[in-house]
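Participant: Residue numbers (the working numbering), protein chains in the order written: chain A, 1 to 96; chain B, 1 to 96; chain C, 1 to 96; chain D, 1 to 96.
In case anyone wonders, no lab produced these hints; they're calculated from the structure. All values reported here derive from a predicted model rather than from experimental measurement. Please note that the accuracy of each hint is not assured.
[Claimed, not checked] Only pairs whose alpha carbons sit at most 25 angstroms apart, straight line, appear in this in silico DSS-like list of lysine-lysine:
| hint | chain 1 | residue 1 | chain 2 | residue 2 |
| --- | --- | --- | --- | --- |
| 1 | A | 96 | B | 88 |
| 2 | D | 7 | C | 7 |
| 3 | C | 88 | D | 96 |
| 4 | A | 7 | B | 88 |
| 5 | A | 7 | A | 93 |
| 6 | B | 93 | C | 96 |
| 7 | C | 88 | D | 93 |
| 8 | B | 93 | B | 7 |
| 9 | C | 96 | B | 96 |
| 10 | C | 88 | A | 93 |
| 11 | C | 7 | A | 96 |
| 12 | D | 96 | B | 96 |
| 13 | D | 96 | A | 93 |
| 14 | D | 7 | C | 88 |
| 15 | B | 7 | A | 7 |
| 16 | C | 7 | C | 93 |
| 17 | B | 93 | A | 88 |
| 18 | A | 93 | B | 93 |
| 19 | C | 7 | D | 88 |
| 20 | D | 7 | C | 93 |
| 21 | C | 96 | D | 96 |
| 22 | A | 93 | B | 96 |
| 23 | D | 93 | B | 93 |
| 24 | D | 93 | D | 7 |
The primary structure of each chain is shown beneath.
Number of protein chains: 4
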Amino acid sequence: MIEAETKALDRRLARLEGQVRGLRRMVGEGAYCVDVLHQVSAVRSALDQFAAALATNHVRHCIAGHSAGEGHPHAKAMSEDELFDELKGTLSKLLK
Amino acid sequence: MIEAETKALDRRLARLEGQVRGLRRMVGEGAYCVDVLHQVSAVRSALDQFAAALATNHVRHCIAGHSAGEGHPHAKAMSEDELFDELKGTLSKLLK
Amino acid sequence: MIEAETKALDRRLARLEGQVRGLRRMVGEGAYCVDVLHQVSAVRSALDQFAAALATNHVRHCIAGHSAGEGHPHAKAMSEDELFDELKGTLSKLLK
Amino acid sequence: MIEAETKALDRRLARLEGQVRGLRRMVGEGAYCVDVLHQVSAVRSALDQFAAALATNHVRHCIAGHSAGEGHPHAKAMSEDELFDELKGTLSKLLK
Numbered sequence: 001m002i003e004a005e006t007k008a009l010d011r012r013l014a015r016l017e018g019q020v021r022g023l024r025r026m027v028g029e030g031a032y033c034v035d036v037l038h039q040v041s042a043v044r045s046a047l048d049q050f051a052a053a054l055a056t057n058h059v060r061h062c063i064a065g066h067s068a069g070e071g072h073p074h075a076k077a078m079s080e081d082e083l084f085d086e087l088k089g090t091l092s093k094l095l096k
Numbered sequence: 001m002i003e004a005e006t007k008a009l010d011r012r013l014a015r016l017e018g019q020v021r022g023l024r025r026m027v028g029e030g031a032y033c034v035d036v037l038h039q040v041s042a043v044r045s046a047l048d049q050f051a052a053a054l055a056t057n058h059v060r061h062c063i064a065g066h067s068a069g070e071g072h073p074h075a076k077a078m079s080e081d082e083l084f085d086e087l088k089g090t091l092s093k094l095l096k
Numbered sequence: 001m002i003e004a005e006t007k008a009l010d011r012r013l014a015r016l017e018g019q020v021r022g023l024r025r026m027v028g029e030g031a032y033c034v035d036v037l038h039q040v041s042a043v044r045s046a047l048d049q050f051a052a053a054l055a056t057n058h059v060r061h062c063i064a065g066h067s068a069g070e071g072h073p074h075a076k077a078m079s080e081d082e083l084f085d086e087l088k089g090t091l092s093k094l095l096k
Numbered sequence: 001m002i003e004a005e006t007k008a009l010d011r012r013l014a015r016l017e018g019q020v021r022g023l024r025r026m027v028g029e030g031a032y033c034v035d036v037l038h039q040v041s042a043v044r045s046a047l048d049q050f051a052a053a054l055a056t057n058h059v060r061h062c063i064a065g066h067s068a069g070e071g072h073p074h075a076k077a078m079s080e081d082e083l084f085d086e087l088k089g090t091l092s093k094l095l096k
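My request is simple: use the sequences and hints to build the entire structure.
Facilitator: Okay, here's the thing in structure tokens:
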């Protein structure tokens, strides 16, 4: 993964960590249950967006590696079958 | 989408339709709530698997269209940017 | 469960069955993947709402049975511990 | 909420915070995408379990407040209708 992508993913996770600390503060202060559940939804959604961004980067790199392999062989090049297996594995893991 | 894929997706949906009818039967017969919720989980999981299969086919076709475009232009060929936009849109929709 | 509740739950499931048939039609007609995934979200949400309605009815009946048990014993009356166990089991099943 | 419950919920959130830090470490070390997605599932599941525990406590207190109200009025006592509204709101929020 290139450095800019790793940084962008880490920023998402840093925000997520802050949201979990926010949940702890709410629970500690005895916030109303339905308000806490509202914040839980926000955390769940941030987690899903992180997972989608990570999976997008991954599949993009697999495609780029596969393309690079056409014509001039490349260390990370994937065959079409490997690429589709990787894609299938990533998408089904994304939903678990 | 090729015909074999459409058929495989339809078979998944036919099973899903049968599972929903199973839920109706359970509710009609006054089944125990926790057993019905167990069956709801099975339906949710079948729905997620259908969505993952559909998205995998779609992205695979986009990649194939993109590859076809390299060298000998092709009606459905996508540029690398279009391919990644398509990928990003599909993966984030998958999780909504 | 009282009859009006069973009917309301069945109406939800009948709509859900119709939505799954709508998915089959979309796939059969070769609809655009992201549009099908949009419809998948609608089905998932309808399924969650059915589950929440079912669980609400169930817990409500458990509470009513428990209340009925106070003072004048009742066939379906639950002790407070049984009620809380039932509640815990239902809520954790709801999220699986 | 009684103190023991608040502590148990905070322990869950402290673990969750640790899991998010674990995700950051994995991303920083360039871990394989599918392994990171596996860890994302674990975080999602921990978040759902926290939400279910919080909602269970809340509904339990509502029920206890309602029971307390029968016979000898109590400051936090809920009518049966208020109790059911609270229950419905909590369960539907739990799934959002």
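Participant: Check the structure against each numbered hint from earlier and tell me which ones fail, lowest number first.
Facilitator: Going through the list in order, the structure violates hints 2, 10, 11 and 15 and respects the others.
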